[in-house]
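Listed below, chain by chain, are the residues.
2 protein chains.
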Amino acid sequence: KYGVKYDAELSAEAMKEVVKKFKEIYKKETGEDFPQDPFVQLRRAIETVFKSWNNPRAIKYREIHKIPHDMGTAVNVQMMVFGNFGWDSGTGVCFTRNPATGEKELYGEFLPNAQGEDVVAGIRTPYSIKDLKDRLPDVYKQLVKVAELLERHYKDMQDIEFTVEKGKLWLLQTRTGKRTAMAAIKIAVDMAREGIITKEEAIMRVKPEHIQQLLHRQIDPKAKEQHRPIARGLPASPGAAVGKVIFSSEEAEELGKRGEKVILVRPETTPEDIGGMAAAQGILTARGGMTSHAAVVARAMGKPAVVGAEMIHIDLEKEEFRVGDVVVKKGDVITIDGTAGEVYVGELPTIEPKLTSEALELLSWCDEYRKLGIRANADTPEEMRRALEFGAEGVGLTRTENMFVKGGRTDIVYEILLAETEEERRKALEKLIPLQKQDFKEILEVMDGKPVIVRLLDVQFYALVFADPEQLIEQYYKKKYEEGAGSEELMRLENLIHRVRAIRDADPQMGFRACRLGIVYPEVYEAQMRAAIEAAAELKKEGKNPILEIMVPGTAEPNELRFIRRIFEKVLKEVSEKYDVELDVKYGTMIESPRAALLADEMAEICDFFSFGTNDLTQFTFGWSRDDAERAFIHAYLKKKVLPYNPFQTLDDKGVAKLMEWAVKNARKVKPDIELGICGEHGGEPRSIEICHKVGLDYVSASPWRIPVARLVAAQAAIKEKQQKE
Amino acid sequence: KYGVKYDAELSAEAMKEVVKKFKEIYKKETGEDFPQDPFVQLRRAIETVFKSWNNPRAIKYREIHKIPHDMGTAVNVQMMVFGNFGWDSGTGVCFTRNPATGEKELYGEFLPNAQGEDVVAGIRTPYSIKDLKDRLPDVYKQLVKVAELLERHYKDMQDIEFTVEKGKLWLLQTRTGKRTAMAAIKIAVDMAREGIITKEEAIMRVKPEHIQQLLHRQIDPKAKEQHRPIARGLPASPGAAVGKVIFSSEEAEELGKRGEKVILVRPETTPEDIGGMAAAQGILTARGGMTSHAAVVARAMGKPAVVGAEMIHIDLEKEEFRVGDVVVKKGDVITIDGTAGEVYVGELPTIEPKLTSEALELLSWCDEYRKLGIRANADTPEEMRRALEFGAEGVGLTRTENMFVKGGRTDIVYEILLAETEEERRKALEKLIPLQKQDFKEILEVMDGKPVIVRLLDVQFYALVFADPEQLIEQYYKKKYEEGAGSEELMRLENLIHRVRAIRDADPQMGFRACRLGIVYPEVYEAQMRAAIEAAAELKKEGKNPILEIMVPGTAEPNELRFIRRIFEKVLKEVSEKYDVELDVKYGTMIESPRAALLADEMAEICDFFSFGTNDLTQFTFGWSRDDAERAFIHAYLKKKVLPYNPFQTLDDKGVAKLMEWAVKNARKVKPDIELGICGEHGGEPRSIEICHKVGLDYVSASPWRIPVARLVAAQAAIKEKQQKE
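For the record, the sequence lines run as chains A and B.
Throughout the first sequence, residue numbering follows my numbering, covering 74 to 799 in sequence.
Throughout the second sequence, residue numbering follows my numbering, covering 74 to 799 in sequence.
Take these hints with a grain of salt, some might be off.
As the list makes no split between identical chains, a pair holds if one copy fits it or if it spans any two.
What the hints assert, rightly or not - No more than 20 Å apart at the CA atoms, straight line, and that leaves these computed lysine to aspartate or glutamate pairs for DMTMM-like:
#1 K713 to E496
#2 K712 to E596
#3 K391 to E567
#4 K272 to E794
#5 K214 to D204
#6 K713 to E642
#7 K510 to D484
#8 K89 to D106
#9 K714 to E675
#10 K510 to E455
#11 K714 to E642
#12 K403 to E420
#13 K713 to E599
#14 K659 to E466
#15 K727 to E675
#16 K731 to D674
#17 K744 to E675
#18 K714 to E596
#19 K731 to E675
#20 K553 to E390
#21 K551 to E567
#22 K552 to E567
Simulated from the structure, these hints should not be mistaken for laboratory data.
Chain A extracted, bound-state conformation (with noise of 0.2 Å):
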């Protein structure tokens, strides 16, 4: 209308009907003239600070980051310097740091013969901060000395606001300045190495974030804002990943020797599909939680997965899935992030994951301090490599179900799963018994020195083989009418039917499983410990120093330890003897029904060590299923602040940690020197690793990319009891 760019350009005329248009708006509003007596206005200014504090976007932050509703605010008045009165005049932000990098320099904008409405407002497009050095090098020079005394002051990289009012520069504000994970750790460990913080102060300063934020494939924040996700699901295991949708597991595992990048697309998946997540980039499924079987193993493999995610309907003979309109074939490109649980089709740009060196640096540091001990869940040498790079002081889970269906041997499961007798049994366990120990000696190999606890059977026989028996009837049917199947081929179907509704359990996770299945059946834990410690013979025979624990899983009454103990002894004489070596096996179990926290003590005199699973015992503390509560339940709950926080991502510190206290109390009674730790999946979990280092747990175990967090939050663990000690 007036002919200019900017306000600065505007003649007083023009003002004066801009103010005169602000004053109707103003009447309008409240109904009141705008008061002209300037204590007035200030007093109208004050007050609207005030009640700033109450509007639904402070209320909503105070609540995101736990402020107190009641804290208050301040109001500070001062004299108003004006950035506006000529081109020696300007405005500007600057951070005594990059933000993003963490490089030590002066980073940021300036804008000069302005207020600081107008560089927010982005009107006007600013100038670096570099340009201040040639515009005005005094005041340049003068910024960088408040720079590095306020830094020097505050101990922290400031992000400050200042006006230069005539060639006199003003600072209006200084704050801490916000900075990418990247940055934080950076500027952290410089800090320290400068001298204007202490070790322990950058270790306190780094959030467990920041750490985790390195360690995942992203999708690059900017794509991001350009595309829609055409499905969620549940967010089980962070990064992202790109690749053709592939629906079968041998099919991945086909195109991955390949070297092609795919995304497996299942229902859900079992044990079987070992083969083809690994070939995968990423993991897709319509079913499950976030300890269903995708889940967990993806997280263990580090692999990204969105799980449950019903939107989606596949349908395997097509070889494609449905999102409402939306058809994704076999071989179209997807991308997922496990770190949102999103679905997007098409390939989205990503970003590398990387320990930078100060990480390395401040982790270093971080294990100086700890008490806490670190070690792994890991099932495959792979994963325990990693795991070591990461800085695993050992294994505190390796899973063994997958040696019973990896490489062909699932044949040898359904010979036990429909065997009538103990001997029919013994005989196919003898089969595995050689290919297990050659699992088990890799995996003490490649942890040669360091502990590895090796947990027995923990699933029954069938659900290593069958994901769902709902899917045996379906497929009876369909091949009864649609395929016309010979009557053998029903016949074979409607046996396994049979079988499988005969031992199924009614609820899986409190079924036939775990060390039941070692009491009912003997012979199939008597066969793993075989394999486990004549691994360990033979490694001890050619020099090596495998230092192996047999862990039960699953227990709730010590005479179920003593039955298991019984055989454990047994074959530990008959190996030591057969190989003429003598060898030192510990022997314990995992912690994870209240009745086994509640007779630790009893539990304690029969173990040499105890590992809390803290998902079972979160699930049978509050009886609820991981799975259905978060499926159908959990959310609302939060919402309606019937609880704080989801107790299967952080530990319950009003029940599950009080059980935990009470055992590891009375285990230590009675064992001072037993080994405590935990390998549920709060080992990892920043919160909860803290609750398990004032329990007095000897150490967490987690999987592989969680190890670098806990080594952090277990040191910033520590310091912070000694802080609040002194």
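Following the hints, position chain B against chain A.
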């Protein structure tokens, strides 16, 4: 060979020949001559007695009766008397009272001119003890006197062995006599009346099984000897039942109305089968465990049931079931024994149950001693009337599931199930309120003046109408291919399958049920509470005295109770105002999860009462689902001595009872007058009732048929405690 019938008739020559034969056998077996020195003979005889301590039968006996193996035995050496010195000699056995009926009369057998072995061996038929009166009147008189004396001395009915040598009575042995349930009760009550023992002693002397045995119709033991069961299952609900096999609940209901006796045979039952179950004499299912729907409902109804009889293959279409080669068709008569878990083809004779007058008297004595209150788990007016007859002082648990489905209300459940919004659910629930109000009125009227605990809905909606979602899939494919059903019908089924699969729990026991339902869908609990409280208000208006207590199931977190309490208070206020009547309704929770027990102090602040749901509490404390445990491994655990007893039948005193004790202590600390009870099935089990007494509960609640036993055991626990203090 010697032409005689009894050994007493043998000549001296013949005797010598027999002795020679015996000597030869002895030499052949032992390799040495039979010792002729009487002292050596005596020594050998003594050794034989000592050795008998370790024969397999003795070991088994001690195991059954829990007698320690290191206790040892004694040998008495005494002079021999001879009952075979002629016809004024003889031997016999007598009871001081009739061991079958308890009548006060000498009861037993006598054999003249014979030794003890002759009576035991059964070669000669003995005379009734009455005959002794005529044959040897003096001896008889003496025996009567001695019997009286011994009974007074030992204060119990005696089982006496005696020998008469030439007219002189010698007593060989006296011990407490074995007796039937009926006799045990009569003898105890009579002896107390006669002043031989005190009332306390009479109560202590009757065993819970004695009372229990009187309460169930049994198969005549003689008939049982002559028939073999065709199938076995779990003894889900005791008693015998005879009737025609019927496979549909509707048909069972119809035939029941016409007075026909039927046995309802189903794969398993759902709340929809309640009508048929009520009309049937007994229930037989092929699947399900001791807490399956069929089992729980049958016990509550006091109806014999055999469940989980997996050997029977039911073909619902053909209306028949098979066990091996045997085919039982609709209309065929079978007999089931719910006490033993057996199924017989045909009608076996049964014995009527009744509480004798002595049993009633004994139970009234019990009420003077016991400290535990006795309530009933009962869902219908009929069950409650039965419970009152048996002496219930209130209702500890009314389940409300049936109020959703009975009398054609299933359609409303489908409406709720398929509702997409809260409004749609509320609309459906509105229809239920007046119907359920009527149900509650009937119940509260029967129990007028006595407390009635109403448990809010505990299962998910779909579970009210489907026993097994898999059946839907079978149905779908069958319809699709066999019946060529219309596409609309198929679409409906497909929709239902999708719906149910989406909301079905992976672990129903720990899934989306109990108070989780009431928090996610508050309108459901609101409707139930409104119906119940309005019923109480209307009765109060009519001058009655309804005592209503509202119970929230399955809590794990105090906030759950706070959330639902807000609804409770709102409804209570609204109803009080609507009817203008002051209502005193208690609000409480079940303690079913370990976490609820651990946080009992905080829970108590929000509650007027707790009721321990020990079935779930046992499940979660162990991490075992009862159905799976009893199907798959409890049996092996007992056999391998991993467990001393089944913790689902008898309260686990090491784990579950510990949690209960903790909860009771901490709840009373916060609220000393909080009302504490148990409504798990353990509440009717003798050893568990004793634990409840020790833990300090106010009452136990059990199904009506277990109430007489509960009264007895509660009295015994109080007496034992008193005795220990003295």
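Exercise. How do K714 and E675 come out at 20 Å by Cα distance, when the copy is not named: within, between, both, or neither?
Worked result: between (39 Å within a copy, 17 Å between copies)
Exercise. Under a CA distance limit of 20 Å, which applies to K714 and E596: within one copy, between copies, both, or neither?
Worked result: Classified as between; 18 Å across copies, 49 Å inside a copy.
Exercise. Which holds for K714 with E642 at a C-alpha limit of 20 Å: within a copy, between copies, both or neither?
Worked result: between (51 Å within a copy, 19 Å between copies)
For this session: Check K744 against E675 for me: Cα-Cα at most 20 Å, and say if that holds within a copy, between copies, both or neither.
Result: Within one copy only: 10 Å inside, 33 Å across.
For this session: Since the copies are identical, ignore which copy is meant and state whether K510 and D484 lie within 20 Å (CA to CA) inside a copy, between copies, both or neither.
Result: Classified as within; 18 Å inside a copy, 59 Å across copies.
Exercise. 20 Å Cα cut-off: does K510 pair with E455 within a copy, between copies, both or neither?
Worked result: Cα proximity of K510 and E455: one copy only (17 Å, versus 64 Å across).
Exercise. Between K712 and E596, at a C-alpha cutoff of 20 Å, which is it: within one copy, between copies, both, or neither?
Worked result: The answer is between: 17 Å across copies meets 20 Å, while 49 Å in one copy does not.
Exercise. Between K553 and E390, at a C-alpha cutoff of 20 Å, which is it: within one copy, between copies, both, or neither?
Worked result: The answer is both: 17 Å in one copy and 19 Å across copies each meet 20 Å.
Exercise. When no copy is named, should K659 and E466 be tagged within, between, both, or neither for a Cα gap of at most 20 Å?
Worked result: Within one copy, since 17 Å is at most 20 Å while 56 Å is not.
Exercise. For K552 vs E567, is the C-alpha pair at or below 20 Å within one copy, between two copies, both, or neither?
Worked result: This pair counts as both: shortest intra-copy Cα distance 11 Å, inter-copy 19 Å.
For this session: Go through the copies and call it for K272 and E794: within, between, both or neither, with a Cα cutoff of 20 Å.
Result: Classified as within; 16 Å inside a copy, 64 Å across copies.
Problem set entry | Identical-chain pair category, K713 with E599, by Cα at 20 Å | Between copies only: 17 Å across chains, 49 Å inside a chain, cut-off 20 Å.
Hint violations for this structure: none, all hints satisfied.
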